[in-house]
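Enquirer: Below, each chain spelled out in residue letters.
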Amino acid sequence: MTAPPSQAAPAVRPRLAVESGGLSLQNPILTASGTFGYAREFESLTELGTLGGVITKGISPKPRFGNATPRICETAAGMLNSIGLENVGVEGFRTEKLPYLKTLGTRVVVNFFGVTFDEYVSCGEALASMDGVDALEMNVSCPNIKAGGIEFGTDPRVLGELVRVCRSVVRKPLWIKLTPNTSDIVALARACADNGADGLSIMNTITGMAIDARTRRPKIATVFGGLSGPAIKPIALRMVHQVFRAGVPLPISGIGGIQDATDVVEFLLAGASTVQVGTQNFADPDTACRIVRDLADLLASDGVTDVRELVGALRSS
Amino acid sequence: MRYFEARVAKNESLSGGYFRLSLAGCHPLRESRPGQFVMLRGDWERDPLLPRAFSLLSVGSDGEAAILAKTVGRGTALLERAAAGARISVLGPLGTAFPAPSSQFIDLLVGGGVGIPPIYMQAAVAAGAGLAPRSEILYGGRRTSDLVLLDEMKAFGVGLHLATEDGTTGRHGRITAELEARLAVHAGKAPVRIMACGPNAMLWAVGRIARERDIPCFISVEEQMACGIGVCLGCAVPARSRPFRYVCKDGPVFDAADILDVAGDDPTQKPASTPPAGCLT
Chain A
1 MTAPPSQAAP
11 AVRPRLAVES
21 GGLSLQNPIL
31 TASGTFGYAR
41 EFESLTELGT
51 LGGVITKGIS
61 PKPRFGNATP
71 RICETAAGML
81 NSIGLENVGV
91 EGFRTEKLPY
101 LKTLGTRVVV
111 NFFGVTFDEY
121 VSCGEALASM
131 DGVDALEMNV
141 SCPNIKAGGI
151 EFGTDPRVLG
161 ELVRVCRSVV
171 RKPLWIKLTP
181 NTSDIVALAR
191 ACADNGADGL
201 SIMNTITGMA
211 IDARTRRPKI
221 ATVFGGLSGP
231 AIKPIALRMV
241 HQVFRAGVPL
251 PISGIGGIQD
261 ATDVVEFLLA
271 GASTVQVGTQ
281 NFADPDTACR
291 IVRDLADLLA
301 SDGVTDVREL
311 VGALRSS
Chain B
1 MRYFEARVAK
11 NESLSGGYFR
21 LSLAGCHPLR
31 ESRPGQFVML
41 RGDWERDPLL
51 PRAFSLLSVG
61 SDGEAAILAK
71 TVGRGTALLE
81 RAAAGARISV
91 LGPLGTAFPA
101 PSSQFIDLLV
111 GGGVGIPPIY
121 MQAAVAAGAG
131 LAPRSEILYG
141 GRRTSDLVLL
151 DEMKAFGVGL
161 HLATEDGTTG
171 RHGRITAELE
181 ARLAVHAGKA
191 PVRIMACGPN
201 AMLWAVGRIA
211 RERDIPCFIS
221 VEEQMACGIG
231 VCLGCAVPAR
241 SRPFRYVCKD
251 GPVFDAADIL
261 DVAGDDPTQK
271 PASTPPAGCL
281 T
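Here the protein sequences line up with chains A and B, keeping their order. Residue 12 in our numbering is what sits at position 12 of the first sequence, and the numbering runs on without skipping anything. Residue 92 in our numbering is what sits at position 92 of the second sequence, and the numbering runs on without skipping anything.
What the hints contain is simulated information worked out from the structure, not anything from laboratory work. All residues carry an ideal CB built from backbone N, CA and C; glycine is no exception. Careful: at least some of the hints might be erroneous.
Residues from chain A that keep clear of chain B, each with C-beta distances beyond 10 Å, as calculated [claimed, not checked]:
#1 VAL121
#2 THR154
#3 ARG164
#4 VAL169
#5 PRO173
#6 PRO234
#7 ARG245
#8 VAL265
#9 SER301
#10 SER317
Calculated cross-link-like contacts (lysine-lysine; reagent style DSSO-like; alpha-carbon spacing at most 30 Å) [stated by the list, open to error]:
#11 B:LYS249 / B:LYS70
#12 B:LYS249 / A:LYS219
#13 B:LYS70 / A:LYS219
#14 A:LYS62 / A:LYS172
#15 B:LYS70 / B:LYS154
#16 A:LYS102 / A:LYS172
#17 A:LYS62 / B:LYS249
#18 A:LYS102 / B:LYS249
#19 A:LYS102 / A:LYS62
#20 B:LYS189 / B:LYS154
#21 B:LYS70 / B:LYS10
#22 A:LYS62 / A:LYS219
FRET-style restraints, in silico, Cβ to Cβ [to be verified]:
#23 A:SER24 / B:ARG211: 55 to 63 Å
#24 B:ASP43 / A:SER316: 30 to 38 Å
#25 A:ALA76 / B:ARG81: 15 to 23 Å
#26 A:GLY49 / B:PHE4: 18 to 26 Å
#27 A:PRO234 / B:ASP214: 56 to 64 Å
#28 B:LYS10 / A:SER316: 51 to 59 Å
#29 A:ILE150 / B:GLY85: 51 to 59 Å
#30 A:PRO63 / B:HIS172: 44 to 52 Å
#31 A:ARG245 / B:HIS27: 47 to 55 Å
#32 A:SER316 / B:ARG30: 52 to 60 Å
#33 A:THR215 / B:HIS172: 26 to 34 Å
#34 B:ARG81 / A:GLY196: 50 to 58 Å
#35 B:ASP47 / A:PRO63: 30 to 38 Å
#36 A:GLY49 / B:ARG211: 44 to 52 Å
Please build the complete structure, drawing on both the sequences and the hints.
Expert: This is the structure we're talking about:
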């Protein structure tokens, strides 16, 4: 009796390269802002050069020291944080962080924010002018001091205006990281598209709270914080798909609880063209690079030859 | 610092709900120093999500490393049940260490409850360097069952002074009273250093005692952390030298005078809920 001929697929590696949000990337896997520092922290722990890109900690015009403590706590399949956007500031980024990022051989996307329109503009303009910065990601989940602390990113009119003024000075791809703390994510996405953004990152953390029943105190000093991790993945998938299905003409970078290559495929099917690995970088610092390795195998085993085939390829139920 | 996979070699139940988890395959930790820590996570899928930080108790030349823990939540409960052969991911060694033992000083090593591991390791290093006579362990707990590994610490040949709050072993009361007694014994002789690890209230009291006598004091501090490598910025502690210092990178061992929780006025206060002066928010 002879063995049947091998059914193994030909050893063609699926294409992982994508063009998204004004960038060409060697694969669709990025690391989310605030969960990967300035990349150097992971130098000895993972293969940084294999990533599609890294997104830095959010940068503000001046350094910030962040919030009071405690700042984090674990929750069911996730964590709450209220770090307070601590960062080295534009000048610290340029002199201390960017030289290393330029050596990585992967895309460098710099997250940035301000607490006034003027701060957003000056910060975005300064960062976009730096050699080695490939794109900017605007964090709009910050309190707008002039508007009584309401987030910039929750009002489509305010958000649209913020995108417009930043767009006018940022000559590099400009992505907007949307907040999920809204009743109408599509309206926010449209406001970005209508005012010249190049891409959307969906989504930032969801506002949450944790209480220590024994001490009767909130578990983090600011009482409320941002929930992240696998617990929020279904919400992130829903928001990505809502924006995709509504036909908002911008590519989406999906974020929320991604732990493995299967999670990535789910986000691509929902309509994302790239993804960002976030909180899981804390649980396993090699996650993002492992996903790059696993994704090719997963696609090959499913007969997918080009990762772009999956974007928005969700079948009807 | 390395990220690698180890296997549970042994998991021993000790008194007082403590357990000692020994991991095989920890060769990257062989150069670890007392006070340094590791982040451990088992095959926990999606929950609990984050690795847990533990000060090292011991690292053998055969690459077997041990931690000492007590179940306080979901992660420690899973580690307590981890059987021989179970896979554990390890990130380490991380953070700063206590100063090396020195023939120039008498080192008073103060451990409270679950804070004993770096004290144990420091005493082991002192013994290995032939400096056991220059070190004393001061170890306190609520009751006798909270004091573990006593025979092993005696075998180091260092002085061992105990205290329990219920008076069932050693001095009746807090270990800080024993610290004051030992300082009185050493007063006017060789210069003394204090190294301490334990609950915040104990660290504050130790820091006050050191400050009053102008004695160098190094404390190992605990704080919630997600990453262990200076990325999440969750483990901030208010400090004198900067608005915040980070337990994972700047610590866990700090000069006690720099940490406001310890050098400040009120032992019971958690850090203030408003940002410190100098914060640009």
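Enquirer: Any hints from earlier that this structure breaks? Give me their numbers in increasing order, please.
Expert: Per hint list: zero violations.
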